[in-house]
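Q: Model the full structure from these sequences, guided by the hints.
These protein sequence lines map, in sequence, to chains A and B.
Positions in the first sequence are counted from 1; adding 175 to them yields the working numbering.
Positions in the second sequence are counted from 1; adding 397 to them yields the working numbering.
In case anyone wonders, no lab produced these hints; they're calculated from the structure.
Values in this document were obtained by computation on a predicted structure and should not be read as measured data.
The beta-carbon is built from N, C-alpha and C at its ideal position, and this holds for glycine as well.
Worth double-checking, as some hints may not be accurate.
Chain B regions said to be covered by chain A (calculated; three or more residues, Cβ under 8 Å) [claimed, not checked]:
1. 429 to 436
2. 450 to 458
3. 471 to 479
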Amino acid sequence: MPRLLATQSHVVHGYVGNKAATFPLQCLGWDVDCCNSVQFSNHTGYGMDKVFGNVTEKNDLDQLLCGVLGNFPHEYDALLSGYLPNKSSVQCMGQHYRRYRNANPQSIWLMDPVMGDEGQLYVNEDVIPEYKKLALSPSCLVDIITPNQFELEILNGENIGNSEQMKSALLKLHATIPVIVVTSCDFKMFNDPEHVYIVTSMRGEKPILLRVPLIKSYFTGVGDLFSALLLDRIYKLFSSNDSSVRLEDQVNDVLNVIQKVLKKTLSYAPKLKTAKMGSASDMKDMELRIIESRDLYEGDGSTSRKNFIYRKL
Amino acid sequence: MLNHIEKGECVRTPKVLSIQSHVVHGYVGNKAATFPLQYKGWDVDVLNTVQLSNHPGYGKFTGHKAKASDVYDILKKGLLGDLNMTYDAILTGYIPCTDTLKLLSQTLGDACKKDHRLKWIVDPVLGDNGKLYVSDKNVPVYKCILRENRLFMVTPNQFEMETLTGMGITSLESLRQGFIKFHNLYPLVERVVITSMEITISDDNTDYLVCACCDFVAKPDAVHYFKVPKLNAHFSGSGDLFTALLLDCLLHPTAKQPLDLSHTVSAVLSLVDDILLRTMDLTLSKGDFLTNKPSVINDLKLVNCLDLLAQPPGSHTTTRFRPTSIELFR
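A: Take a look at the structure:
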């Protein structure tokens, strides 16, 4: 079975970060080793005054990763990093992952540069230069990156207002990173409030635009589930000899799984559509139904459907 | 099937709070309990008392303990406070810090007194093979937890049972007396399952471990025990897995009522045995099987056992480990 090291947040209740990533990947046959960057009672959407627990201190995180990668220096087929709360935790993850990836060239590293969304940062500003260093340095070892448009703009250093600007931002980032998936584009890009637009881009190939019907509600943890499933599908893409399967097919497959998980989640809580941030009982009802979706993660197979593939960017 | 939408309605997802250790690599504590419970349809709230790189059986490890005040705040102010969680079950395991153990037991005890449907399962993790691996200050705290709370089930190993009762268990007779003494000391504990013991039952052979249980509510006059053939290997996390699967079999909303503890233990022993056998198959080479020396197996192969975990409870052949009953009071 393939083995993965995931460094991101842990919540006791609910499904974001490692709690959203772990179970689906385990169902897909991955041994998932979780390194928790925080332990919180629940995610921050419940309201900051309702979050209890602690951030794993810099030294503790460093010691932990030293122990893991010292004792298991060659065991990981894949590395995943997601939400990290501050500059030192990004640095720490970066140092350890770079060292491991360097010593194990056959492994793959998916970095979700979690910084914010729709123009708003939700990490400290000093995290930005750390992600820039990891993503843009000539010796970059990240294989896959999954920014949303806002995060892509931060890495790019310029706003992106149209497809041409998007293409040139992707080209720039491809200098260091082979696979880029932009997990959601700004509404203003395509003037279509009914869909979410996703861009997949493989170095040296034309970027492809996918779109999925928007399910109107506020869900937390979808991005974390997405990056976990994407890592599984890309690992399989890279290990397979079937050249007819393409990156966009695998992303299409992941998007189908996510849609089904969201529909399953909605089916358990019809009032979800009007749920409010900061209300503990609404937030509780809106947690992704990760457990109830147990049999959905396998997907339908990447080649059978291309229902969300829209056009070349 | 669990959790599937039937007749347009959603089957309720059972909720459990599991308070144990976390290891990044491998499967002990919460890592051994969480995935099997989730796979069987439980929404598991996972509260970690420590975060270690791997279990200590590897010889070297790094990590840190959660602060008592953080763990307390998460439980008291978060889960039971703002979130107002109602759990079907609470499972507590490895809690090495005495302060944490005291704070948690107070809070959980209060919660159980407030809500009589809440089922608390205590794995009184103190040590194994004659040795404590937590502070000896934790022993009186556990005695107090067992004395003062209506506990759905307690799952000590042999050493923990001996420590909690203050008497050695070496034979069926001392086992019987141990259960009597336990019940006298901790009359509020409803069920006890001793997960594994090395005791002599008869002269035939010694290649087995003994598991024993007593349901003081439904069958207060009988102890049931099982002889489980020893595998030629030492596993880490098998006890944590066993307790989690017992919890599922006894408390899942689809579990057969009324509960029969000895039948449930029998089914869970079979399932755990299957998982251990598969783990051995996947871990050991042919040469390992030929030597007499027991192999050390660090990691359960849980994600390789999806087919075994998918089977509904009770579908396991219950005849493989047949309970033998002994009368508690003669």
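Q: All hints, please: hold or fail.
A: We went through each hint and held it up to the structure:
Coverage of the segment 429 to 436 of chain B by chain A holds in this model, with 3 residues showing a Cβ closer than 8 Å to a Cβ of that chain against a need of three. Chain A is given as covering the segment 450 to 458 of chain B, and this holds because 5 residues of the stretch bring a CB closer than 8 Å to a CB of that chain, at least three being needed. Judged by the Cβ-Cβ criterion of 8 Å, the segment 471 to 479 of chain B is covered by chain A as claimed, because 5 of its residues qualify and three suffice.
Of the hints listed earlier, there is not a single one the structure fails to meet.
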